[in-house]
Amino acid sequence: MRIKILLSFLLAIISTVTFAQQRAITGSVQDDAGIPLPGATVIVQDTNRGVTTDFDGNFSIEASTGEVLVVSFVGYENTNVTVGDADSYSISLDLGNELEEVVVTSLGIKREAKALGYSIQTVDSDDIVNSGSNSALDALVGKAAGIQVTRSAGSAGGGSRILIRGVTSMIGNNQPLIVIDGIITNNETINAQGSTAGTATSNRLMDLNNDDIETINILKGAAATALYGTAGAPGVIVIQTKKGSEGDMKVAYTHSTGVDWMSTTFNLQNDFAQGRNRSRSDRTPYWRSPGTGESSSYGPRITDLEFATDRNHPEAPSASNFDGDGNFIWDKNGFLVTKGTGNGTPANNYQDNYRGFFRDAIQSLNNLSISGGTEKATYFFSTSYLTNEGIVPNEEYGRKTFRLAGTLKANDKLSFQTTFNFTRSDYTRIQQGSNTSGLLLGLYRTPISFDNANGFSPGDAVDNPSSYIFANGGQRNYRGGGGYDNPYWIVNNALGNETTNRIFGSFKADYTMNNWFNASLIIGADFTSDIRKQNFERGSRTRSTGASQLNQYTTYLYDAIINITGGDEIAENLNFNYLFSGNAFSYQGTSLSTLGTDLAFQGFVNLANASNISGGEGLFQNTQMGLVGQVELDYNSAFYLTLSARQDYDSRLGVPGTQFKSADYSFLYPAASLSFLLSELLPQSDVLSFAKIRASWAQVGGPPPFAYLTSSGYGVTSVGDGWGDSINFPIQGVTGFEIDSILGNSELKSELTEEIEFGIDFRFLNNRIGLDVAYYQRKMTDAILNASLPASTGYNNVWLNSGRMTGKGIEATLNLAIAQSENFTWNSQINFTSSENIVEELAPGLDKLFLAGFSSAGSYLIAGNQYGAVVGGTYLRTGSGGPNDDGLNIPEGDVVINDNASSNEYGFQAVDPVQRAIGNPNPDFVLGWNNNMKIGPVNVGFLLDWREGGDMLNGVAWALSFFGRSQLTADTRTEAPTPIVGVKSDGSPNDIPVVRDQYYYQSSVGGFGSVWEQFTEDGGWVRLREVSLGYDIPMSKIGIDFIDSGNISIVGRNLWYSTEYNGVDPETSLTGVGNGQGVDYFNMPSTRSVMFKLNLNL
Amino acid sequence: MKKIENFIKIIFCVVLFSACESFLADDINRDPNNPSVVTLNAVLPSIQIRHMDVYGGQTSRVNSMFAQQTEGVARQWSSFNDYSGLQPVRFNTVWDIYYEDILVEVNSMIADAQEDGYNHYAGIGQIQKAAALLDMTSWWGDIPYSTAALGIEEINPTFDAQASIYTEIFNLLGSATSLLNGSDGGFAVGGDDVIYGGNTSSWIKAANAIKARAHMHLGDYASALSAAKSSFTSRADNMSYTFGTTQQAGWWRFNDGRTGDIEFHPTLRALMTGLNDTDRLAVWDQTFITSHPYMKPNYEQAYVSYREMQFIIAECLSRTNGSSTEMEAAYLKGIEASFDETGLGNSEYSSYVSQNAVNPGGASLDLEDHILTQKYIAMFVQPEVFNDLRRNDFPNLTPTSGSQLPVRWNYSGDEALFNPNVPVGTTLFTPKNSWDN
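Residue numbers (this note's numbering), protein chains in the order written: chain S, 43 to 1140; chain B, 106 to 542.
For each label pair, taking beta carbons as the anchor points, the in silico distance ranges come out as:
1) B/539 <-> S/929: 25 to 33 Å
2) B/528 <-> S/1021: 31 to 39 Å
3) B/541 <-> S/966: 47 to 55 Å
4) B/341 <-> S/883: 55 to 63 Å
Simulated from the structure, these hints should not be mistaken for laboratory data.
Predicted model, so just to flag it, every value in this text is computed and none were measured.
Cβ atoms here follow ideal geometry from the backbone N, Cα and C, with glycine treated the same way.
Let the sequences and hints guide you as you build the complete structure.
Spelled out as structure tokens, the structure:
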């Protein structure tokens, strides 16, 4: 029965398609003066069929009756011609001085682009779909000015952070609002396992299938987003999805298969084995067995060692290193001894094993959409299925999406639109970052003399437990079972599973009464359920007794908007438009966590096997309302003035237990913008084809970043001091509460950003060159922050409206139609972004505030510095503590050398006890250069992505110097003693010769020491972000009639980059998508990918 | 069509105007996850376990490292061992715990209990507070107290002289004893008291034990002797908390997460080997891993112990030329309690103390060679070893780096950053505590 239905469904589809008979349509395209236009584009609407006109403006294309030809040429208005009975058409284009570009702005309102007094940039679906990324945010890199996108790690299913015009809030949310079809949607990133450890996390916009996107508009400044009130302060990304269009049913199918592989790894040394120097006085390196727990690779050269199996050998390790049969348990070949004293087999160098550990990961995407419609109604159905392996074995990401969208014109006045989406995402995640089960800790720190795979090939070791586990259940790793998990253990025994089910949809009704009254109602809901389970098999280094950690999150967003609009000509050449809008939004998040520890036996990581189970619950909710009024005056289509105001109400300002007064919850945001079309007043010119000058001013506020900040309470106590796992109440059957260390503040009000923006939009040579530049300045006051208190007050922080920040930036987009001939078109776009946000003031007496990272080094707010400064320990300078030392930045002066002869650090740099700003993680600018070329049926595209500057804290280099695994330590440990540049305490140049060997790198100026400044590096790059090569298959020529058009392409992503950064790809962030950036600590390496893609339209 | 028009009008009115209050207010911003008020029995266990954990955790690690009972050998702990890595920021956490997680809670608990006449909660609170203050002034000397823990009422608390902190400790202990002798006011302390289960006489002994320790610091041996004698009469009286097998003690959790960072110190090993202290050495001197036989998950973490009291009695008698019989008895009870605490039996203890080097007989007991040496050993990884080291300048240790032994802890780096009243120029090596001569 099912098969019958399926078959008839298929038949129906096929018959629909084959009934549309195509024939050759010819024609010519000319301008309004009758001059032929060569290189004009003629495409059949909603298909991939397209041609360009020849030198004489003639074209020929396959089309059928009823299809619409869309004819376009840069600088002219698009013209649509419906194919009738005739086979030949003469099409004339009007000069497009008055570009009737319509963009979707705030609250789903469409406005003419030329009327806008602020900056909005549109990215089309093709640019997203052809990016080679499955994440819409990731796909935006380099495609718009004013944005900065950073992927948090190279993990499959890892999220991205996007900033529009830098940051707008000190510690609150800085990620833009995501609006899909007029509705606020969820782009959360939920971190269940602490900010510096755990697994990669997603951002929820990844649930949207890129193929369903029609356009993305980026609303950048305060004026552009003022109608969204507080929620829009960080900028708004407005996404319109496909909803089908009038015409025959169209079926589009896309398949892509690709491979991802590791881009680069850290520069590890390849020469020295596990071990250490005998002592400070006898610096002879000697090999130490994994059984000793030795962490370092300061042993002998691997070439000076050979294998031995004779347990009576004087260098043989202790008895616990051998099994009952007398075999060395850590290496099947035996233990290591000085060359010439063993069995003659040279020691193995297992260095290449860590590269082999990563795999070539396969990803594939299948996408099917069906769309069409009549004059009255349109529909769009789609489904997609993505599978994406990670480069780490067993790491996986899978996503299934289902979408229904449709429109209905009930009559001339009333129309409806609805969308419905379901997305299921499944992830298998790998531990990363700062935790003993973090994959790269074990992988990079393993000495070259230890084989994590225990003789297996890397591929086989994954599936052979004997590589990582002994028969007695103990873990086999290079530190005798301590230290870090064996990477093969991690990918089998410390996996995290995540399942997200998400439903979101919207309903929209539009009612058009007359010019003066139009109403629309938009309602949307978005529900996400996110269930996670983190496994730690008994024997994992993070949880030696084993653990099963379950987390369940739900997020529910509800958004309702009513817009009333109208307007008309009120005097000659003077138009008036108004908008009145009401908006209600509510957010509810819940969390439920259960932790089962102390598993009774191995092989069953499950709560049922746990001897100790604890749990927790959380509920977070807030509501917002807004009333908006806006008027727009248009004089002569040359001057546009827009004035708006939004009154916002936010529950997060409410103080529990007090009488409701709406004034306590509300604040007013005004905005004004002006657009002046200079070109309207100038004589028509081919040179300057369009010129617009714009200016805007707006105030936007930000609510308290979280709910419940206006009061304080007690919380369940978690007991610990940061050097081991904490234990949580209830402890042994007793509950325990303590006073929250953050003080609430009932006086909290919204923070305020005032922004002024100027811009130009000039287009030259019949619009072949377009330049859009925006400059803005902003001032933020009353910034809400968790101001630090000295702990002696009994509290750590108090919520205050005390911060002040200023920002400015320049954005530019240059569009170039480099070539526009019949057989060759080349469109090029350069997007430039430079922004700077200075923290002017935090709170009285406070000039430093922690954002993210470690206590010894991390991302901070520092008064007078750019946002998110990297802070860490520094060398002592002669100017330290002097009159020019502000206590925040590195003072001038020479590095002071420790010349206390009895100190273990004699001859090393002395340490400044004050932590200081040692880097600025914000890039000087980012630039994207995007190119699309069409050479006959061949499409070529590439995108160069240049990020200049932006410091990173290289925590990998820091740690690996301690362990003697970085190449730097191999280079310097054998050098002749030389004095380090600096001065002694009497000011004379340093003349104390030292070798930078184990004792140097394991001191307070080495790895795990307090000084970080030498590990701060420039994280800028130039990168070939995207490159693609496509070919339009001439379907009719090869005799395939039932397919309208087809395209095959190869897309490469991140294939090349160049950076000064020493380590993995600097596009990474330990703390994920949060505000603290610029810290690299054993994150997953980034990937390169190549994808083969087939696109068919029926 | 009319219907739809009306519907839109209705929605418009409802959403925008009338529903405003219930949509926004209605205590939507009241935190459902954190209560604004809790009862005393929910706070007391938090104060107690927090204190035991910080005392047996980071405090024990740093102090036993300073006293060369343990040695930092890897990662951060190797630079801590050289003193150079122990920058002020490394003391943030412990400082924060004392002020934010103990002092502010205990103050609020005492105030609430006194207001309601719950004398036993108030008395226990005062003893917990005295213990916390004694720790803090021992490691840091002058500390914020009289203007501390007041929230934003005083955002830059001033530092009180160490002498006044000791005065306050004795006041608190005296007040606690009389409160505990009073009625419970209708709210009896029970199982929420994870140390003594609400037993007031045990608490009074503990108050005396803390008093004895504080008098020792100040060199008031007569008062110390009398307080110690009024304190514990057996190991069962210890003011201690036994952690659980699945909610483990501090050293176990450290050894679990940071295996290999800290190991047994050669100095203590040499000393004990010289005294043929092989049985205790066999238990203690093992790799610091989760199967370490002494640093067990369910370790009994004592704050003050019977063995410490016995050594105080012995030391006071030695210093005041008191009864040598009594001195020898206390000395041996201290050693015996240590063997007992280490899980060893009477035979190991007897053979150990039968050695002349350990017990040459009452009159021949030397303060340093015997009493202070045995106390140093018996107090293995107890934070008090650092106080004894400074008080007695014994044992004679060689600095691990440089030429000075630490004489104090650094103030919290964050405190110094946010509170201008933090004394400048303090390091691990200066200034000394007021009682450290």
